[in-house]
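K.L.:
What follows is each chain in one-letter form.
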Amino acid sequence: MRAGYEGIAVAVPVTVPYRRHSIRGAHWWLARALDALLETAALRKDDIDGVAVSSFLLVPDTAVGLMQHLGLSPRWLDHIPMGGASGMVALRRAARAVQSGDAGIVACLAGDTNHVDSFRHTLGSFSQFARDAVYPYGSGGPNASFAFLTDHYMRTHGARREDFGKLCVAQRRNAQSFPHALLRKPLSLTDYLEARPIAEPLRLFDCVMPCAGAEAFLVLTEERARDLGLPHARILGTIERHNAYPEDPIQVRGGWALDRDELYAQAGVGPADVDFLQAYDDYPVITLMQIEDLGFCAKGEGPEFIRRHEFGTDGDFPLNTSGGQLSVGQAGAAGGYLGLIEALRQLTGQALGAAVPDARIGLVSGFGMINYDRGLCSGAAVLASAQP
Amino acid sequence: MTEPIKRPPRKNPVLRTRLPVLPPWQRSRIALGLTAGAAEGRFELQVCAKCGTTQYPPREACVRCLGTQLAWRRQPGTGELIASTLLRHSHDVFFRERLPWRLGMVRLDVGPTVVVHLHGDVGSVPARVRVGARLDKAGTAVLVGFPEKDVANMADDRQLREMTCDPKFRKALVTDGRTAVGQAIARGLVEAGADIVWVGQAEPWKRAAGLDALVALPQVTLLPLDLTDERSVNELAAEIGGKVDILINNAEHHRAHGIASRTGTDVAQAEIEINYLGLLRLAQAFGPAMRARGADGQSSAVAWVNLLSVFALSNFPTHGTFSASKAAAHSLSQCLRAEMRAAGVRVINLFPGPIDDEWNQTLPPPKLAPAALARAVVDALRDGVEDVYPGDVAQEWRERWLDSPKVLERELALGSGA
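Protein chains in written order, with our numbering: chain A, 459 to 846; chain B, 400 to 817.
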């Protein structure tokens, strides 16, 4: 049995307000995130002795260059290039660093800028396999990859466009009270179904919108968090997995299916105990896979699950309660932090939008890096409110 | 079934000609192995010598056993279409101008899943497909999913035509119509549906045999062209250069001499004048206009074909100066290929063994018939390949050369190579 995360606190959810485009560099967004962490927690730069960084557009820098850029001298540093799984992975790494005493307070930062042309550049240099075997096929980027997965899922399990639409419409409703969401205009199912086609069967509102922004949180001991007067959450369990099920001809599941028993065993709770799910949602089909693979229903029952549940903060299955990336926007690697930050807010009574009533236990899930034909990184964490 | 393409209307000279742009061409070095096979019309994937695993995308090590002895092996390409999409949006200018664009994911019977450009005649998922490798507009290999069985007008598929150089409804120039080879090529192009075939002739006052029958074809027009004369080349380029979609440089000078069998350099100079400098003159005169028309609609400028010789790879001493001139031309063609690539115009090299003509009279058979060479030209254009070794002799030389250039050099010196 793996060691737990007793005595570890996750605190100070920070969002640097998103913008569709920005002329600033990724360093600017990460600096803003760190500054907000320090200001909120009333800490000085020197108090931070551990840093985890995720950012696509920090190149040619890594976390190392960022330290000199921002004038930090941490004794523990991690660069986590895992896209949508970065939040889960940073959380796990940082928790162990604090637990072992290798670091006292770890600032976990994720952010990216978005120049008008930067998404196109990212696509072409995303990975060797993408450059060799996907980008030359129409340069559709993740739109084309998720079109394949969605097409395949719909054929295999009888999902309808309306099922995905219900998720997107519900998330947009959730976004209406969330101040950082870039897309808050109400979305009807008709709007969704009749939107501009992008890569069939995907249409406009199936596709995440790239933007600039940053997210950040602190990992420290509960004792330290109490001393600093910081509302915080505890970590009940975590998992990560990379390149799961390579023998599947096309992605029908992620690493969660492989590791969920381990996750729930470590956390000491099951799917039925979870008050909300923050799933990684750059395209709705992957949200559906997480609902299945994290054990809320069996494989292939996702569409029926969607038809039977309501996904608002007041629904019977609160999902992506800030609106998710599909409504807030995808600020590069910060997309991998979005759900975690929202979970932290919900569990510490700091929700910026509508709060999930009596939220005690939250499940956060991450998914990242379409290297060739599928997303390779998966992760999840069960967090609990520290309030008695 | 693919709708057959129609003859394009006459071009309005007032309208702007769309400039060529290329699909993404960057690849890792290891992935260019796919291009090396596709350039000669083969679909090859890496196969591990240790455990036999076939893998894709190309890797530096075997995904199963980590072996690094990975050989590119010819593939049947059969598989099943497991997902498809129709792109309606692209971040790339090339595809943006050509939307919608059909893509598929195919599970190959040998194991890997591949992303492919999907031919319009492939049915909806699930469907059996044949995957092949083609050079795209950028000259880099991509995979294409074809229907399991050939259907009518397959070559006219809108996406596929962006990757091939099909002569159908195109205008071609054959630089020398006086030879049996030139006449066979011109005839082959007409049969393949070319709209116009201009045929060059130097010294028009000497009427070569067979020309009268050729010009009787309504598509064929005879024009003066002397590759040794810069003015002649430029004059022809001024007249038709802006319309040539396919240029076939078959003009050559060939004498069977080594070094010791003659004194002086007159023969070698004549060979260089046509085989090497002739190509250079043509490229300078016709290259710019063809480059400008690389994306000029359905019948854009697409290909430049050079008649080289398998002797370009390694010198055949009894045809020593000819071999040298063809080696020079081969080298220059690589430069031309690099320059034409930016416009999406393919440079195709033919490396035949001895052609069955008067200058190879004393060589024993097999010798390549002009009609077979013409077929090879048309096939190369239709398949969009880059290097062709037509005929048994060329194939064998090629194999010997790949096996060991030094051994081949000795074999040729002893006269046993051909």
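Be aware that one or more of the hints could be misleading.
What the hints assert, rightly or not - Cβ-to-Cβ under 7 Å is the rule here; a few derived chain B residues that face chain A:
1. S427
2. L431
3. A435
What the hints assert, rightly or not - Beyond 12 Å from chain A on every Cβ pair, some chain B residues (computed):
4. P408
5. E439
6. H490
7. P511
8. S631
9. R661
10. T664
11. P716
12. R797
In case anyone wonders, no lab produced these hints; they're calculated from the structure.
We put the CB at the ideal spot given by N, CA and C, even for glycine.
K.L.:
Could you run down the list of hints and mark each one as holding or not?
P.N.:
Quick rundown of the hints versus the structure:
no., hint, verdict
1, S427, "5 Å, holds"
2, L431, "9 Å, violated"
3, A435, "14 Å, violated"
4, P408, "29 Å, holds"
5, E439, "20 Å, holds"
6, H490, "4 Å, violated"
7, P511, "9 Å, violated"
8, S631, "41 Å, holds"
9, R661, "51 Å, holds"
10, T664, "48 Å, holds"
11, P716, "43 Å, holds"
12, R797, "27 Å, holds"
Figure legend: structure checked against the earlier numbered hints; hints not met, in rising order: 2, 3, 6 and 7.
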